Every structure is written in C-alpha cells, then in structure tokens.
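Going line by line, the protein sequences match chains P and Y. Residue numbers are given in numbering that gives the first Met the number 0: position 74 of the first sequence equals residue 73, and the series is strictly consecutive. Residue numbers are given in numbering that gives the first Met the number 0: position 136 of the second sequence equals residue 135, and the series is strictly consecutive.
It is worth saying that the hints were derived from the structure and are not from the lab. All figures in this text were calculated on a predicted structure; none of them were measured in a lab. Heads up, the beta-carbon is just placed ideally off N, CA and C, and yes, glycines get one too. Mixed in with the good hints, there may be bad ones.
So, partial list: chain Y residues that the calculated Cβ filter (under 10 Å) puts toward chain P [what the hints assert, rightly or not]: (1) Thr72; (2) His141; (3) Glu243; (4) Asp256.
Here are the simulated DSS-like pairs of lysine-lysine, each with C-alpha atoms no more than 25 Å apart in a straight line [claimed, not checked]: (5) P:Lys103 to Y:Lys250; (6) P:Lys28 to Y:Lys133; (7) P:Lys103 to Y:Lys248.
So you can see what is in the structure, the chains are spelled out below.
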Amino acid sequence: MAETSEPRSAPTRLIVAGDTVLALPRHIKLRHDEGRGRWIILAPERVFNPDDTAVEVLKLLDGQRSVNSVAETLCQQYQAPLDVVTTDILAMLQDLTDKGVLVKA
Amino acid sequence: MNEIAPTHVTESAMPMCARSPDGAPAVDPGPDQALCARAPIGMLCELTHRCPLQCPYCSNPVELERVNVELTTAEWQDVMRQAAKLGVLQIHLSGGEPTARKDLEDIVKVAAEVGLYTNLITAGVTLTRERLAKLVEVGLDHVQLSIQDVDAENADRIAAYKGGMKKKIEVAGWVRELGLPLTINAPIHRQNIHNVGRIIDFAVEMGAGRVEIAHVQYYAWALMNRAALMPTKEAFFTAAKQVEEAREKYKGVIVIDAIVPDYYAKFPKPCMGGWARGIVNVTPSGRVLPCHAAESIKTLTFDTIKERPLADIWLNGEAFQAYRGTSWMKEPCRSCPRKEIDYGGCRCQAFALTGDAANTDPACSLSSLHAQWQAVAEVESHNPNVPEFKYRRIGGAAKTPQSHNVS
Numbered sequence: 000m001a002e003t004s005e006p007r008s009a010p011t012r013l014i015v016a017g018d019t020v021l022a023l024p025r026h027i028k029l030r031h032d033e034g035r036g037r038w039i040i041l042a043p044e045r046v047f048n049p050d051d052t053a054v055e056v057l058k059l060l061d062g063q064r065s066v067n068s069v070a071e072t073l074c075q076q077y078q079a080p081l082d083v084v085t086t087d088i089l090a091m092l093q094d095l096t097d098k099g100v101l102v103k104a
Numbered sequence: 000m001n002e003i004a005p006t007h008v009t010e011s012a013m014p015m016c017a018r019s020p021d022g023a024p025a026v027d028p029g030p031d032q033a034l035c036a037r038a039p040i041g042m043l044c045e046l047t048h049r050c051p052l053q054c055p056y057c058s059n060p061v062e063l064e065r066v067n068v069e070l071t072t073a074e075w076q077d078v079m080r081q082a083a084k085l086g087v088l089q090i091h092l093s094g095g096e097p098t099a100r101k102d103l104e105d106i107v108k109v110a111a112e113v114g115l116y117t118n119l120i121t122a123g124v125t126l127t128r129e130r131l132a133k134l135v136e137v138g139l140d141h142v143q144l145s146i147q148d149v150d151a152e153n154a155d156r157i158a159a160y161k162g163g164m165k166k167k168i169e170v171a172g173w174v175r176e177l178g179l180p181l182t183i184n185a186p187i188h189r190q191n192i193h194n195v196g197r198i199i200d201f202a203v204e205m206g207a208g209r210v211e212i213a214h215v216q217y218y219a220w221a222l223m224n225r226a227a228l229m230p231t232k233e234a235f236f237t238a239a240k241q242v243e244e245a246r247e248k249y250k251g252v253i254v255i256d257a258i259v260p261d262y263y264a265k266f267p268k269p270c271m272g273g274w275a276r277g278i279v280n281v282t283p284s285g286r287v288l289p290c291h292a293a294e295s296i297k298t299l300t301f302d303t304i305k306e307r308p309l310a311d312i313w314l315n316g317e318a319f320q321a322y323r324g325t326s327w328m329k330e331p332c333r334s335c336p337r338k339e340i341d342y343g344g345c346r347c348q349a350f351a352l353t354g355d356a357a358n359t360d361p362a363c364s365l366s367s368l369h370a371q372w373q374a375v376a377e378v379e380s381h382n383p384n385v386p387e388f389k390y391r392r393i394g395g396a397a398k399t400p401q402s403h404n405v406s
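In isolation and in its complexed conformation, chain Y is listed as follows (with noise of 0.2 Å):
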C-alpha cells in the first residue's frame, strides 16, 4: 500500500468476479437521484447455467436452471435498461458460460448503449476471435479469463475439459490484440495452489492488467467437493507469503487481488460488501439475488424480473430486506464494533452451518461453531487419501463421481 495516501481518490472495489461509454446517448431521460443514492453499484448477470467446463467449485447453485427457462434477449436488454435507470455503474456478463448465449453481443450492445461499464466473465473455451471482434465493436470494457491452473494437464483434469488451457492462451492474446483490458482469474485450492506464483507470472506473461487469486469459497458444488479442495493452512500462508512477493515484484505492472478462504482468515468477509448494499444478482431464469448463493438460504422467497421491477425489488423485495444494514443481527453481532465492518460475515455460510441465516458466520471466532468449523478445515486439509471430484454438470450432484477426459 501506499503510505502518501493519495487521498484524492477513493477506491471501492468490487467484492468478487462484479461499469460506461463517454456519455450516455442523449435520449436517455438520466437516473432517479434519491433511487441512486442507495442503488447497488454492481450487478452480476448470470446469462446462463450451461458451461462446457465442469469444475468442481463452480459458484453456481447445485441445482443447474435450465435452458428451457433462460430469459429471453428482449428481458435482458429491459434488465440493462432497467439496471441503468436504477444507478447500477457496471455489469458482469457470467454463466455458466455467457457466451453460451447466441445473443450474448445484443445483450452487450443495449448494455453499453444504456452506460454501464460492461465486463465478461469467460472460460474463454468456446470464443473465436471473431466473436469476441464483435463484442468489442457493440461495446465491450474487460474480459476476465478463468484458468483452472498454469500446467495445462492439471487445468485440463480440473475443468474436465480436454485442451482448454491451450484455447485460453489464444484466447487472452486476442483479448490484447482487440485492446481490451485482461484479468486472468484463478480459483485456487489444494490442487493447485503450489502454483500460486507461478499463476501470476503467467498472468503478466499474458499482458494482463489485473489477477485475481480467488480462493475457493466452500458453498454449493465447492461445499460438496471441499475433502477434495481444501489446502492446508501451511499451503495457504506460503501462498500468502508469494502473493506478498509479487504485489512487490509487479508494482505498477499488474493489480493482484487475493480473495482469502475464510477458513484461515481472521475475521469473517463481509460478504458482498454486506447483503443488499452495493451488489445485485439476476439469474439466468431472472430471479433477482443479494448473492448468488442466496438460494441456498430454503427460508427466503426471492422476486423476478418477470413480475417485479428491478428498482422496486432491490429495494423493497423481501430476500434483500431481510438482512440488509443491521437491524437483524442477534448476539454477539448486535453489540459488535465491528459489525459494519464485516456485516456478521456470510449469511449463506451461516445458514448452511447453523440453519439459521441470522446467526453470526462460523467463520467469526465468536461463533459458537467456530472451533468445531476449523476443525474440518485441519483434518480434511490432512487427509491423504483425497477423494475424486464430483464433477459440476446438470444433476452431477446425485451421480457417482466420473474421473477426468469427459469430452
């Protein structure tokens, strides 16, 4: 960090993987002010559930929406409308796979027209250089890259995908050759976090401006698979220690963003920035979320896009209610200094660990559960015999697991 703050500027940044042309086009009749004041800055649209990867900690539901039921281009365009209106300043173009969808650059197009800032969130797999041209054309700001490792057998096994790694190279040269902005994003766990340093000098390798060493976040398919992708703590604060190093080493040349797995935090993540504050979600089917794990929460109804506007369901809706500010918390949030620092850390996490959404985060060391959730953490991180992957695909969660070369 800088030690002459320069306090000039201000700097937020966008919890997880979360933008304007120069101005916006002259029709647009400009966003409600007091709406704005309290609008979320990021909306993460998650255009589809279908991937060709099948990676075992994808942060998608365990329970896949369907083609049959995706929204269709004209509602996406109306969410971007709608978004812009609303205050939102960037969106993230996710899946699954975003370009799955055929209509992927009309969705971009209206997005870019409306003012927001425009980021696509790519396994990269399926793109050709064509495509991608197009999308730059109607608008596009930044393309995020996942790789699964830097040894391209180990990335291949790990996505089940058989030579993605090489397409991800071609890839992110196109993406500097279009004159795009490139952040290359890695999921780290046991299976590869002896290659955290390397992941970044491959990242700069590539041109990138930006890295995010993202940490899996144990909820849904990672949750299933954590036996499978927990490192240790010694692993973990070695890979600290190499980020520390390259934060140094590539000053000024690339931004690395580490995302820490809580289990070895200190305090728990205030998760999203806190629930309803500053991040929306909409669903491939068009349901609207605080967070894309918010589901896992069975106690919540969430609204859609279909039946409810935006504005009046990141405002009003009863998911984003129930645990927006503080007002909800329980003991020992309720009195805690630090309770709108990290917001009683994940609610989704809380839910799943006590089946209660309103209890404080394992994660926190004041929870009651917090010693026992370490625990977990110390044996399977230890245990020798680590078991296969259960591999992310439509109803993959009930099937025995399949090793890896699935085509």
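Pulled out of the complex, with its shape left as it was, chain P reads as follows (with noise of 0.2 Å):
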C-alpha cells in the first residue's frame, strides 16, 4: 500500500447540530448565475442549484454564526416556528456537508 509522506488522522463525518458553525470552504462557491437568473453553488464537477430558502440559509453562514442563531432569524423573517425551521435546514446543511459543500468554521 501507498505511504503518504506525512501520517494524517483518519478523517471523520461531521454531524451536524445546533450550535455547529458552518462556512463554505474556499473552493465551493456561490453565486448568481446571471444568464440563467439564479443562483448557483460551483462545486469540483458539480453545479448545484440551491432554491430562494437555501440560497438565504447559505449567505447567513458566514463562518461566525451557528445553525441555531441561522434558524431564529430565519423564523422572524417568515414568521414561521422555529422547531420547523430547524428541522428543515439541518436535514440542508448535514446533506450539504456530506456532499462537501460546507465545512466547519
């Protein structure tokens, strides 16, 4: 087998909670597509097409908040209740995370 020059601990899935505090890493990126008029995630050979809610949830990740503090704005805005909201984005994020589109700040 392989050496690699340097050992590395065995990486590990990253689940996703509450007061985890995600960012998109620098090579994932978000942006609108202007000749198409929507927004687009730039993946390594993937084009992700992220609908008006997760393209709000993704702009809030800035690296600083928690999924918690993400998920009580959001609920003030559409005056929704926050256990739904919660819900809803961390089945996102954890399956964002999973595709390697968010990382742990």
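Put the two chains together into one complex, using the hints given.
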C-alpha cells in the first residue's frame, strides 16, 4: 500500500447540530448565474441549484453564526415556528456537508 | 441517498471527467440571457494530445492530433472568453496531459478572470510543486488526479511509465498542502478491478474529497483493447458491492462517483447527459464536438473555433443539431417512455456497432444487437489468455503491442 509522506488522522463525518458553525470552503462558490437568472453553487465537477430558502441560509453562514442563530433569524423573517425551521435547515445542511459543500468554520 | 430529501438544493452531476471567482470582473459585459438558457454547463478542453503515459484505455481518439496543429495560447484564451459569455460555468482542462502545454498558466488565468470554475485533469507525473503553486495563484479551483491502480508496479505497467505511481502520491500531497480540493480518478478494468476497495481507501488517505470509480468505457483505444480490459460480470458486481459498502463507511468523508460499464448495466447510459445538451468539447486543434468521442462518427462533419464562433457552433453546428433532443430518433427509441432519460444511449457506440448513429445503442435491451453485444463481454472477460495491451501512442494503433517498461 502506498504511504503518505505525513501521517494524517483519519477524517470523520461532521454531524451538524444546532451549535455547529458552518462555512463554505474556499473552493465552493455560491454565485448568481446572470445568464440563467438563478443562484448556483459551483463545486468540483458538480453544479448545485439552491432554491431561494437555501440561498438565504447559505448567505447567513458567515463562519461566525451557528445553525441555531441562522434558524432564529429565518423564523423571525418568515414568521414560521422555530422547530420547523430548525428541522428543515438541519437536514439540508447535513446533506450539503456530506457532499463537501459546507465545512466546520 | 438521503431519505429526508433536502429539496432546497438540487444537484446536477457532471457526466465524466467536466466552475468562478466570487465575482466576474467589472469589465465583463455579462452573458446573454437568452443564449445562456440553452448553453452548456461544462466545457471539456483537450489542450493537447501529448501525454507521457500510454494507458491502453485512453479516451482520446485513436488518431491523435499532433503538436503542430494545436491552438495557440491566444486562441485558447479566446475560447475561454467565448465560453464564459455563452454561459459555460465549469471548464475541464484535460488532454492528453494538459501540463504538457507550457502556457497552461496563461490559459487558466484568463479562464479564472472571466469567472469559469477551473478543473485540471492531470496524470501528475510531469508536475512540479512550483508549477502547481503558480496554477493555484492564477486561479485554479480543483485538481483531478488519475491513478492506474494502488499497487505501484501494476499501475506503472498499465500506464507504461516507471515511477509514475510514486510521483502521483507526491502530487496528491502538494494539491492538499496548497489548499486545493482533490479528486482521485481511477479507470477500472479487468486488470485492477480486484483493488476497487483499496483504491477508495487510498483516495481517503490522500485527503481527496471525491473519488471516481470510472469503469472503462469501450470506445477508441479501449475498444481496441477490450479483450484485455473487460472485467467479468461477477467481478463487476463484487466491485459494485465494495463501492456501496465504502459509501456507507465514508459517508460525509468522501464522495464516491461510480461510472458503470454499460455492458453490465440495465439501461443504456444517457451519454453526456444527452447529445449537445450540457457539455461541449474542444479538441487540441480547435474542433468543437458534442462529445470527446464524436469524431468516431464518420458521417458527421465538425466545425472549428478558428472559423466559427463557439456560440454559433453550439446552437447551429451540424454535428450538434444532428442528435440534439429526440426528433432524430427511430424506433424503438421514438415511442420509448425513457427517451428523455437515456436519450437512446450513446451515439458513438450505436455508430461503431450498427453503422448508423441514429440507431438504438446496443447497450439497450431493446436493440436487436443487444444479446450478441453482451455475449462478446461474456466471452472476452472469461478468456484466460489475456492479450497484451496495445499502448496509446501516436501511430500506436498500427504497431505490434510492446510490453511494459517503456521509458
């Protein structure tokens, strides 16, 4: 088996919880696709198409705010129940984290 | 897959080996909305057909283009500007070996400036750390590094390049040190399929965020070498099981993309996600193709970027219009409920095996040639006398195969 020059600790899956602080890594790019009039996420050999809610959430992930804090902002903005919003965005953020789109800040 | 489907984000996987600074430069006049709605998402740029490796399943055409016909630096830079304006989002800089071009940095720089997400598809063996650092500095976003196996001796034999594997491990380290995301691409076939599980472990060990278990697709060089490359159905199913197990084990650690060999698939693959639908390919000399193998369809003619704008070729070029959409289809495709799912399979394969690219791909069970086609895989994969590789090199298709250790 090939050997790496420096031993690394085995990477593990990040489980997203309410107090997790997430951010987009440098190589993941959330931007507005002018030509198609929509937001897109550019990733290695992938393009993701976020809807308005997802874009709102991703813009709030500034590397400082926790998932709970983002959920609170959204529930005020949309006047939706906090538990509903939290459950909804946790599922989405876990999925994006599993796909490498988000990392721990 | 996730059961609690987070419907807020949908994903478009780019078929095969197929990006943006945070904002386009202020001088960018902006793409044309009407054009973008129909524009390709990805552009595969075969910068050169030169390559130090000689992998017998190379996706390049058997008739390789020579260095003296390659586009100039300024021409490639213009292709990048045209692509961004058309609405292309990601570019895949491939070859041959793209680093064989001394002006790769100048091409990447312009691509990044016009907002394209840049992916370098490399064998790695001729890279230096300094060069990679320079590429990162000018805006490279991602590196896809190919490996031929995890066992160095076998890997070097397959690529006909001594010391290749050792160098690749070094390059993977540099990619991560320089903070770039890494994909490991491993073409899978009869002579390395037993190592699929270890290849995925290797990619994790290298710090890759993504690994492609890319079963060889049998066109061009690979079709010529099919009898030396085709795995048995049993070996394929064992490998598929290992991929499933690894997906569970490495969930959230690495994304595993598996490209299946269509000889063993239930349905034909929607090649390139549909002809002229999401991907455009530019050859070293500037010919613009709907797919990197399209030139194997001898009945089509192709435009060159030297004579016609990219947008015009994409929208109106004869080769692009020939099989775009579904109106060209014959039966059984025409009335098939899956016609907009798999688009009748692969046009190149249909042409190679039936003589008419508009026929159903023999990979489809509704093709009259299907049983015969599958039987070939069955027989070849079980043949104990594995033929020698016909290595990929200029003029190599005509020569007698040589053994390994070509320096």
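These are the hints, each one checked on the structure:
1. Thr72: violated (25 Å)
2. His141: The hint holds - histidine 141 of chain Y has a Cβ within 10 Å of chain P, the shortest such distance being about 4 Å.
3. Glu243: violated (16 Å)
4. Asp256: Where the cut-off is 10 Å and the nearest Cβ of chain P is about 8 Å from aspartate 256 of chain Y, the hint holds.
5. P:Lys103 to Y:Lys250: holds (16 Å)
6. P:Lys28 to Y:Lys133: Satisfied, since the Cα-Cα distance of roughly 21 Å is no more than 25 Å.
7. P:Lys103 to Y:Lys248: holds (20 Å)
Checked against the numbered hints above, the structure breaks hints 1, 3 and satisfies the rest.
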